[in-house]
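Please model the complete structure; the sequences and the hints are all you need to start from.
There are 4 protein chains.
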Amino acid sequence: MRVSELVDSYEYIGYQSVELQRASDVIVKMKKDSAKVFLTFTSNMITSGLRGFFAQLIELGVADVIVTTVGGLEEDIMKATGESFQIGSFQTDDVELHEQGINRVGNILVRNESYMNFENFITDILSDLYDKQKRWVVSDMLKEIGLLLNDPHSVLYQAAKNNVPVFCPAITDGAFGFHLYLFQQKHPDFIVDVVKDFGNILFATSFDDRKGVIALGGSISKHHAILSTLLNGGAEYAVYMTTAHRTSGSMSGANTNEAKSWGKVKDDSDVATVIGDVSITFPLAMIRALDELAEDGLLRTTAQE
Amino acid sequence: MRVSELVDSYEYIGYQSVELQRASDVIVKMKKDSAKVFLTFTSNMITSGLRGFFAQLIELGVADVIVTTVGGLEEDIMKATGESFQIGSFQTDDVELHEQGINRVGNILVRNESYMNFENFITDILSDLYDKQKRWVVSDMLKEIGLLLNDPHSVLYQAAKNNVPVFCPAITDGAFGFHLYLFQQKHPDFIVDVVKDFGNILFATSFDDRKGVIALGGSISKHHAILSTLLNGGAEYAVYMTTAHRTSGSMSGANTNEAKSWGKVKDDSDVATVIGDVSITFPLAMIRALDELAEDGLLRTTAQE
Amino acid sequence: MRVSELVDSYEYIGYQSVELQRASDVIVKMKKDSAKVFLTFTSNMITSGLRGFFAQLIELGVADVIVTTVGGLEEDIMKATGESFQIGSFQTDDVELHEQGINRVGNILVRNESYMNFENFITDILSDLYDKQKRWVVSDMLKEIGLLLNDPHSVLYQAAKNNVPVFCPAITDGAFGFHLYLFQQKHPDFIVDVVKDFGNILFATSFDDRKGVIALGGSISKHHAILSTLLNGGAEYAVYMTTAHRTSGSMSGANTNEAKSWGKVKDDSDVATVIGDVSITFPLAMIRALDELAEDGLLRTTAQE
Amino acid sequence: MRVSELVDSYEYIGYQSVELQRASDVIVKMKKDSAKVFLTFTSNMITSGLRGFFAQLIELGVADVIVTTVGGLEEDIMKATGESFQIGSFQTDDVELHEQGINRVGNILVRNESYMNFENFITDILSDLYDKQKRWVVSDMLKEIGLLLNDPHSVLYQAAKNNVPVFCPAITDGAFGFHLYLFQQKHPDFIVDVVKDFGNILFATSFDDRKGVIALGGSISKHHAILSTLLNGGAEYAVYMTTAHRTSGSMSGANTNEAKSWGKVKDDSDVATVIGDVSITFPLAMIRALDELAEDGLLRTTAQE
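Residue numbers (our numbering), protein chains in the order written: chain F, 8 to 312; chain S, 8 to 312; chain Z, 8 to 312; chain E, 8 to 312.
Don't take each hint at face value.
Since copy identity is lost for identical chains, a pair holds within one copy or between any two.
Okay, derived cross-link-like pairs now, DMTMM-like style, lysine to aspartate or glutamate, Cα gap no bigger than 25 Å in a straight line [to be verified]:
#1 Lys193 to Asp131
#2 Lys139 to Asp196
#3 Lys141 to Asp196
#4 Lys36 to Asp131
#5 Lys139 to Glu126
Honestly, the hints are just simulated from the structure, not real lab data.
Below, the structure is given as structure tokens:
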């Protein structure tokens with residue numbers, strides 16, 4: 008059985024399977040309607056094997072804007088420079104892992120060495136960037152880094168190559184922030200301009216553009232994208248995929264209905280909220296959407312050449 | 008029955024009640040051990056009635072460092088300048104709310120007017136700040152704002168008054184960011200320095216300090232605090248309160264065991280993870296802790312004078 | 008601070024705290040309105056320290072009908088005959104526990120010995136019951152057992168003593184079922200009549216009675232009570248406390264709104280659904296309700312004499 | 008892309024996708040090892056479109072024992088007699104639905120008529136059964152009903168036809184119970200023997216059989232199956248798929264590790280727990296398993312002839 012057939016059949020099963028099929032459909036619609044698409048995800052999704060899939064989606068022209076958090080970008084760089092993570096278990100002896108220099112993210116294991124190698128890489132890059140100019144807007148900095156990576160499975164690389172801006176509103180919240188800090192200590196005139204990037208995400212789409220949001224997980228990645236659509240009149244299409252529930256009033260659990268009260272998505276928008284682990288649900292919904300978009304010639308074809 | 012008695016009895020009930028009693032105990036221990044305490048919370052908790060409680064905790068000397076997201080700070084300012092939010096329902100007609108100019112956060116309602124009044128307030132402040140200097144570190148800027156608020160129930164006010172730094176690694180992810188952007192458009196030399204603040208949170212405690220983390224909800228607030236403790240040798244005490252589960256590999260759901268693998272908390276640290284809505288669990292755990300700390304004279308007494 | 012004051016303050020906090028205060032209020036209202044109250048809970052709540060609290064509520068006249076599952080009743084008997092359970096941890100070596108003859112229910116530990124002692128106790132009782140009559144309706148059998156227990160902290164004892172019927176629609180789903188089976192092997196004319204009990208729960212209240220449901224957790228305990236209210240015209244009051252969410256379409260997560268579509272609760276009923284661990288939320292809501300009911304003289308006073 | 012390829016790729020993604028791939032693998036292993044397979048599910052899964060899939064699995068010889076709750080069996084009968092349910096929305100006006108005679112289960116809608124037609128059907132059957140004998144064991148009764156249904160998409164029909172016993176420990180917890188009660192009122196010597204069925208599930212497998220459990224959702228369906236494996240020495244294989252978490256100590260959330268402490272699954276068993284909506288996760292895991300089992304000729308082939 009093909010994945011698309013399975014997702015099609017979900018329409019008739021009930022509960023979250025129905026929402027998943029609907030999500031897949033909304034993704035197809037936003038692309039067919041030439042909406043500008045914001046794809047947002049949390050760091051742990053880059054930690055996972057979804058990283059290469061995200062890179063592929065950018066290559067295929069599915070996403071116009073990326074918003075994420077810095078931990079994922081660090082790991083995108085680590086993987087692009089040869090590091091690999093292992094699948095472990097949720098149930099482990101964390102003290103023993105710590106003694107072995109292994110860090111756990113759910114059931115994924117990241118070695119300390121990966122962070123050390125990242126340090127070497129990023130320190131050199133910061134010097135090069137500084138030589139070019141003293142004041143850097145975050146998304147520009149990320150594009151420069153992306154162009155250096157030369158790994159087709161890298162999010163930053165594909166984004167840079169395909170002129171898809173990557174926004175990261177909390178650029179200092181990770182090892183990257185630490186290295187920015189150390190560098191600035193030596194070069195006090197080195198400035199990371201986060202304010203300018205607010206304009207950049209705002210003007211990445213316009214009031215007149217149709218807009219779509221695919222928000223995977225919650226956190227500021229999700230919020231920053233829908234804040235941007237709000238200021239531009241609201242999104243016509245929105246797909247939220249998350250494990251969080253509306254009951255706690257968190258951004259992560261806020262569903263697409265709540266977004267309507269804010270004007271983050273339009274009153275008559277096409278929306279779907281899927282509760283479930285993104286590592287399972289997103290590939291399902293997206294693979295079916297890709298099948299349909301490929302049939303209609305709506306994917307960037309240079310990718311396959 | 009007193010709250011403290013109820014929480015004491017939780018020790019013998021089972022499931023999350025046991026964890027809640029343990030969390031309360033860990034809070035008492037971190038204070039008795041003179042640990043530096045990081046208190047982190049997500050924006051929606053400031054949206055809720057917990058705001059005044061947080062302010063009180065700062066006043067009482069319970070927290071040494073605050074980490075949060077910008078949405079909450081905006082709402083702290085709104086409330087300090089006279090706005091109030093209403094309790095609504097999770098189940099509403101969001102299109103109708105939108106037409107009425109009402110924004111929903113779970114079952115709490117925020118009027119558009121509150122945002123407009125915030126705009127007036129913040130625009131004036133930015134001018135004043137700019138007149139003083141062109142380059143602002145985020146936590147310094149938040150302290151200046153706090154001193155202007157003059158509302159004892161305000162988190163920013165109490166933090167400023169009591170020299171408790173407030174860190175906000177994603178300062179642009181909200182209406183505040185929009186106004187920073189508009190201001191910078193007119194004043195291109197206006198710079199918000201997020202990098203310098205990485206050093207400030209790092210040096211807010213030292214490697215030799217005993218450290219405690221009280222993380223309410225997930226997101227970068229939680230991550231930024233434990234990243235800081237990680238770089239300073241790990242926390243001796245950690246309490247996580249959240250509705251997220253470890254199963255999705257998210258930062259929000261990462262428990263105190265996972266933190267040990269990273270060295271975010273020490274191998275032999277006192278830790279507790281409580282799964283549940285913070286609006287219920289935190290007041291419970293904290294009120295009992297305050298009772299015990301008051302008995303031992305460990306609360307700042309000027310608050311009550 | 009008193010528990011009642013804390014719960015009162017929840018009305019103004021937001022998210023689930025608001026729902027908890029509402030739940031407490033609905034409980035007060037159902038009692039003031041002289042509604043017949045169904046109290047339902049899952050087995051793991053009897054495993055926990057809530058058992059004595061349930062017994063006390065029955066003694067105080069708060070509940071008119073109990074519905075639960077058989078595992079909890081077995082443990083009620085174990086505890087009444089001297090067994091006690093230990094608080095452990097969610098994170099343990101379960102193979103080691105198994106070798107030690109210890110069974111885990113979340114973070115509560117039950118020894119194999121407790122089950123063996125239960126076996127001796129129940130085997131004798133079944134003989135006695137059989138001597139009286141060959142065909143037993145479940146709730147009658149549970150009343151007989153309750154009268155033998157003589158433990159004021161026992162649910163079965165207090166229910167029996169106060170003429171509160173205990174319904175257990177899946178009486179064979181536990182060690183009890185095994186012993187019933189062994190006994191029936193020797194006495195083929197021994198019959199447990201579950202069908203008759205359907206009538207008993209139906210006639211425990213009438214169409215004209217006002218009815219209230221307090222459902223803790225999900226499962227058939229919850230379903231059986233609201234099925235009964237449905238057949239009697241629907242409940243006027245309903246409080247659901249659970250960790251399950253509506254998103255999976257399960258009975259455990261079905262909220263009080265969904266119940267309205269079925270007529271399980273009336274269209275204009277007073278309802279509240281609280282998402283959270285019952286070990287934390289129920290004592291909170293109930294202690295405040297008891298305070299108010301005591302003031303109004305609505306608790307059975309012989310309990311305190 | 009084929010479903011099997013997607014599930015294979017899950018092994019390298021992380022979080023719950025890894026667990027899902029593992030679950031699929033455990034299912035394959037239990038079949039290859041000729042284990043007796045218990046398949047358990049909650050009522051709402053029969054309400055959903057999974058019903059036909061379950062029937063197909065029985066036809067293919069995947070399941071040796073079925074355990075479920077009565078609501079699902081009622082709906083299996085309704086669908087077999089021509090009723091169909093509609094997909095609706097989680098967010099609806101439930102009072103309006105009630106007025107229209109429509110009952111909601113999550114986002115699935117069931118008309119009152121379906122229940123009325125069920126009434127007519129079941130009343131006739133009970134008369135026929137009573138004419139044959141006065142005392143009925145539940146699983147025997149369900150087999151008789153199954154043989155009458157003549158719908159290849161019916162769980163009861165396929166189970167009856169393929170000699171797969173269906174156990175339902177709480178047979179009275181639904182409309183079925185009501186009709187059993189009404190019938191017994193007219194025929195007091197009509198007896199439904201639940202005790203005898205305890206022996207039947209116990210002897211459906213033996214101590215020497217290898218045993219596997221596929222538990223979808225929680226509740227007594229899950230518990231009854233693993234109680235049975237416990238009494239027969241424990242299962243060698245177990246797959247739990249649920250939305251519930253271990254943190255509340257509920258049976259629904261109890262994972263396969265906890266089961267080891269009880270001996271419900273063996274210490275060295277092959278186990279997997281997948282957190283997520285069964286309507287999405289089970290078809291994924293099972294379709295891949297079926298592909299592999301078909302290749303190895305381990306599916307009953309008469310089904311396809």
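The hints, checked one at a time:
With identical chains, the CA atoms of Lys193 and Asp131 are at most 25 Å apart within one copy only, with a shortest distance of 14 Å there and 34 Å across copies. Taking the closest pair of Cα atoms, Lys139 and Asp196 come within 25 Å of each other both inside a single copy (13 Å) and across two copies (19 Å). In this homomeric assembly, Lys141 and Asp196 come within 25 Å of each other (Cα to Cα) both inside a single copy, at 6 Å, and across copies, at 13 Å. For a Cα distance limit of 25 Å, the shortest separation of Lys36 from Asp131 qualifies neither inside one copy, at 43 Å, nor across copies, at 44 Å.
In this assembly of identical chains, the alpha carbons of Lys139 and Glu126 lie at most 25 Å apart only when taken from the same copy (20 Å versus 36 Å across copies).
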